[in-house]
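Top line first, the protein sequences correspond to chains R and B. Sequential numbering from 1 applies to the first sequence in the numbering used here. Sequential numbering from 453 applies to the second sequence in the numbering used here.
Derived from the structure by calculation, the hints contain no laboratory data. Do not rely on the hints blindly, as some may be mistaken.
Unchecked claim - EDC-like, lysine to aspartate or glutamate: derived pairs with alpha carbons at most 20 Å apart:
| no. | chain 1 | residue 1 | chain 2 | residue 2 |
| --- | --- | --- | --- | --- |
| 1 | R | K255 | B | D612 |
| 2 | R | K255 | B | E632 |
| 3 | R | K233 | B | D466 |
| 4 | R | K255 | B | E529 |
| 5 | R | K159 | R | D97 |
| 6 | R | K233 | B | D606 |
| 7 | R | K290 | R | E117 |
| 8 | R | K430 | R | E443 |
| 9 | B | K659 | R | E407 |
| 10 | R | K43 | B | D466 |
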Amino acid sequence: MQHTLGAFLRALRASDVRVSPAEAIDAARTAAAVGYADRQLFKDALCATLAKSADEVIRFDETFETFFTRDQITLPPPPEESIAQPQTESEQAAIADSALAQMLLQGDASAVAQAMEAAAERAGVAEIRLSTQRSRLTRRLLDEMGLAEIEQIIANARKLPELAGMAERLDAARKALAGEAQRYVERQHELYASGSGKALREEMLAKKALNADGGIDPVDLAMMQALVKRMAKRLADRYSRRRHTANRGHLDVRKTLRKSMAHGGVPFEIEWKIKKVDKPSIVAICDVSKSVAAAAQFLLTFLYSLNDVVDHLDAYAFSGRLIPVNAILDDNGVEGAILKVLQTIGFQQTDYGKALEDFCENHLAGVDRHTTVIFLGDGRSNFADPRLDLMHLIQQRARAVIWLNPEPVSYWGQGDSVMHRYERFTHVAKSCNTLGQLERIIEDVLRTYVPH
Amino acid sequence: MAAGIAANPFSSVDALVEGLGRVGYIASRRIATALYMAVHLQKPILVEGSAGVGKTELALSTARLLGHPLIRMQCYEGLDESKALYEWKYGKQLLYTQILKDRMGAALADAPDMDAAMDRLHGMGDLFFSEPFLEPRPLMQALRQDDGCVLLIDEIDKSDEAFEAFLLEVLSAYQVSVPELGVIVAKTPPLVFLTSNNVRDLGDALKRRCLHLHIPLPEASLEERIVATRVPGIEQSLTHQLVAFVQSLRTLDLRKAPSISETVDWARALILLHADSLEPAMVRDTLNVILKFEQDITAVEPQIVELLHRR
Chain R
1 MQHTLGAFLR
11 ALRASDVRVS
21 PAEAIDAART
31 AAAVGYADRQ
41 LFKDALCATL
51 AKSADEVIRF
61 DETFETFFTR
71 DQITLPPPPE
81 ESIAQPQTES
91 EQAAIADSAL
101 AQMLLQGDAS
111 AVAQAMEAAA
121 ERAGVAEIRL
131 STQRSRLTRR
141 LLDEMGLAEI
151 EQIIANARKL
161 PELAGMAERL
171 DAARKALAGE
181 AQRYVERQHE
191 LYASGSGKAL
201 REEMLAKKAL
211 NADGGIDPVD
221 LAMMQALVKR
231 MAKRLADRYS
241 RRRHTANRGH
251 LDVRKTLRKS
261 MAHGGVPFEI
271 EWKIKKVDKP
281 SIVAICDVSK
291 SVAAAAQFLL
301 TFLYSLNDVV
311 DHLDAYAFSG
321 RLIPVNAILD
331 DNGVEGAILK
341 VLQTIGFQQT
351 DYGKALEDFC
361 ENHLAGVDRH
371 TTVIFLGDGR
381 SNFADPRLDL
391 MHLIQQRARA
401 VIWLNPEPVS
411 YWGQGDSVMH
421 RYERFTHVAK
431 SCNTLGQLER
441 IIEDVLRTYV
451 PH
Chain B
453 MAAGIAANPF
463 SSVDALVEGL
473 GRVGYIASRR
483 IATALYMAVH
493 LQKPILVEGS
503 AGVGKTELAL
513 STARLLGHPL
523 IRMQCYEGLD
533 ESKALYEWKY
543 GKQLLYTQIL
553 KDRMGAALAD
563 APDMDAAMDR
573 LHGMGDLFFS
583 EPFLEPRPLM
593 QALRQDDGCV
603 LLIDEIDKSD
613 EAFEAFLLEV
623 LSAYQVSVPE
633 LGVIVAKTPP
643 LVFLTSNNVR
653 DLGDALKRRC
663 LHLHIPLPEA
673 SLEERIVATR
683 VPGIEQSLTH
693 QLVAFVQSLR
703 TLDLRKAPSI
713 SETVDWARAL
723 ILLHADSLEP
733 AMVRDTLNVI
743 LKFEQDITAV
753 EPQIVELLHR
763 R
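All chains, full assembly: derive it from the sequences and hints.
The structure is reproduced here in structure tokens:
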């Protein structure tokens with residue numbers, strides 16, 4: 001039973017219920033305390049020990065049902081007359097060395113089911129990882145059960161006329177068995193591999209290049225949006241409750257008295273009651289020209305999902321001219337926003353200098369010493385004046401300037417890229433081309449480049 | 453058989469369901485199983501669910517069932533050690549130093565030199581940080597109950613992460629460290645309930661140390677039994693109508709769907725008004741008992757007749 005419990009825990013992990021070794025020990029203690037006799041009790045008790053959120057309870061229920069339910073194996077029933085008359089001697093001789101053949105001919109489903117469980121363990125069916133392994137593992141399972149012998153018996157029996165009837169029956173049973181084995185492997189795949197497939201895919205998507213040729217597949221896009229929101233939620237959870245003590249506010253009498261003990265009751269060290277929540281204020285300026293649009297969309301999704309953590313977010317988009325996009329984001333949601341922005345500003349040639357001019361003329365007041373400015377763009381200015389003086393101005397006013405560039409560092413400064421010249425006026429400039437990198441950079445922003 | 457069960461409600465899950473029933477808490481099997489495991493594995497139990505499904509009530513009822521005292525700690529933003537665990541009695545400590553100062557001269561007057569005076573000073577018992585000056589707060593009180601108790605840490609999700617981390621020692625080892633005194637270990641570990649409304653996700657470390665119980669909104673039959681237990685003297689037909697109406701309210705898109713406590717309050721209100729069946733006019737007048745938002749009330753009002761006939 002220890003082994004079964006272990007396999008069950010593995011199935012739980014595969015369906016994204018986190019089971020640590022300590023919880024595995026708890027599960028074993030639980031099983032020992034409630035016993036295996038009462039199915040409902042066993043299930044509820046394990047559920048209380050292992051599932052840690054409402055979501056996990058649902059996944060636990062599903063996995064438990066799939067794991068501990070055994071489909072009834074259906075075999076063709078033995079014909080009436082064979083029950084009435086015992087098997088002929090020649091028939092008995094033909095199947096004497098094969099236990100499986102005897103079970104099949106007698107239609108003994110529970111014995112076959114047991115044999116299948118045992119064979120599955122030998123064949124390592126539970127190690128299944130990929131859907132492509134299914135047919136191979138089905139074959140291995142059948143081999144372990146002794147399919148070769150059955151095929152041998154059928155082939156021999158077909159040669160003898162008096163055994164023809166038995167051969168037909170055995171053949172039908174063999175087909176039924178193959179079907180059952182396939183279903184068994186299918187269920188194991190569902191238990192152990194379907195979840196890991198999704199995890200694998202998400203891992204791939206987090207590493208996928210955002211400016212890949214041909215854009216991002218619409219199927220992937222939905223999944224990546226969900227992934228971004230989850231990443232953002234994770235960060236929001238981590239950073240939303242961070243506080244720091246300010247050095248003014250109401251006097252904290254208790255703490256001050258406590259500290260004064262060391263000085264014989266004289267209050268040398270004064271404690272204040274105020275604690276403030278740290279919230280960065282962010283200005284995001286995104287290039288939305290074709291090469292960068294996808295990355296811009298994800299950056300905006302990310303920042304917008306961080307609502308709880310960010311005190312103030314101003315977003316601007318440009319290709320030729322620069323416009324504020326807060327209103328568009330609020331009206332259209334992040335998914336539709338980029339398209340709407342492109343419709344509004346039109347498909348113009350990217351002009352960084354012009355965009356910076358627009359920004360400094362109209363929106364510079366929004367940048368102060370608490371603001372982190374995040375630029376997203378490839379720094380390709382189509383040989384126009386990059387207006388480094390304005391960049392310098394922004395850098396002087398802002399708390400921090402971060403430049404995210406979807407191109408790899410080796411491309412910076414090649415062709416019309418003025419990335420290296422802009423880089424001098426940033427605190428951090430990083431290549432950011434996948435969701436994984438994006439998450440890391442945003443976390444850095446939250447942790448390091450925010451005011452304290 | 454009843455006597456045997458009454459002797460130990462924790463002998464089996466069924467006995468526990470019955471025992472909780474006797475103290476007025478109608479528990480589903482899942483709730484009882486979780487509680488049973490909490491007692492037998494000696495682990496804290498984390499209860500989640502929307503407001504008013506009976507999370508706090510479960511702890512109160514368990515305390516009644518066990519006959520143990522209930523120690524309750526309400527969490528809020530900014531809760532810290534000095535309010536949860538212990539505090540020094542500063543006033544008395546100050547007085548103590550004053551007394552010490554006055555007495556010191558007399559006690560050390562006959563010392564021949566400075567070294568002897570220091571030796572004598574070290575020889576005197578240092579009472580400054582000692583148990584008499586300790587003001588125990590809920591957590592410390594719970595650990596010091598030698599006959600066991602039920603500790604309810606209410607709305608843990610409202611506290612800060614730092615406090616959550618601080619709780620880990622209490623929850624896994626049933627002990628706390630007071631820097632000036634050392635480690636204080638509970639003789640009898642208390643039965644700990646933590647409740648959460650999911651204002652924020654709790655840390656994995658905390659979740660790992662607890663059994664998890666999610667209390668959903670109840671099925672109609674269970675809810676009828678709860679109303680019948682909580683509101684004695686209510687007609688069965690009224691209970692049935694009332695619960696059916698509340699259940700159909702929950703299928704609507706409301707800002708705050710009514711939970712069990714609202715159903716019970718409503719039943720009590722109807723009894724006070726001597727209602728014996730649900731009339732649309734009566735429902736309209738008492739709707740503010742079950743719905744807590746103006747928008748919800750205006751959304752439901754035109755549908756009352758339809759909802760009453762839908763079942």
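Now the hints, each set against the structure:
With a CA separation close to 19 Å, the supplied pair R/K255 and B/D612 stays within the 20 Å bound. With a CA separation close to 16 Å, the supplied pair R/K255 and B/E632 stays within the 20 Å bound. Of the pairs offered as hints, the one joining R/K233 and B/D466 is violated, with about 41 Å between alpha carbons and a cut-off of 20 Å exceeded. Taking the CA atoms of R/K255 and B/E529, the gap is near 18 Å; set against the 20 Å cutoff, the hint holds.
For a cut-off of 20 Å, the pair hint linking R/K159 to R/D97 stands: about 19 Å separates their Cα positions. Of the pairs offered as hints, the one joining R/K233 and B/D606 is violated, with about 25 Å between alpha carbons and a cut-off of 20 Å exceeded. Under the criterion of a C-alpha separation no larger than 20 Å, the hint pairing R/K290 with R/E117 is inconsistent with the structure, at around 56 Å. Restraint check for R/K430 and R/E443: the C-alpha separation of about 14 Å stays at or below 20 Å, so the hint holds.
Of the supplied pair hints, the one linking B/K659 and R/E407 is violated, its CA atoms being roughly 42 Å apart against a limit of 20 Å. A distance of roughly 15 Å separates the Cα atoms of R/K43 and B/D466; the hinted pair therefore holds under the 20 Å criterion.
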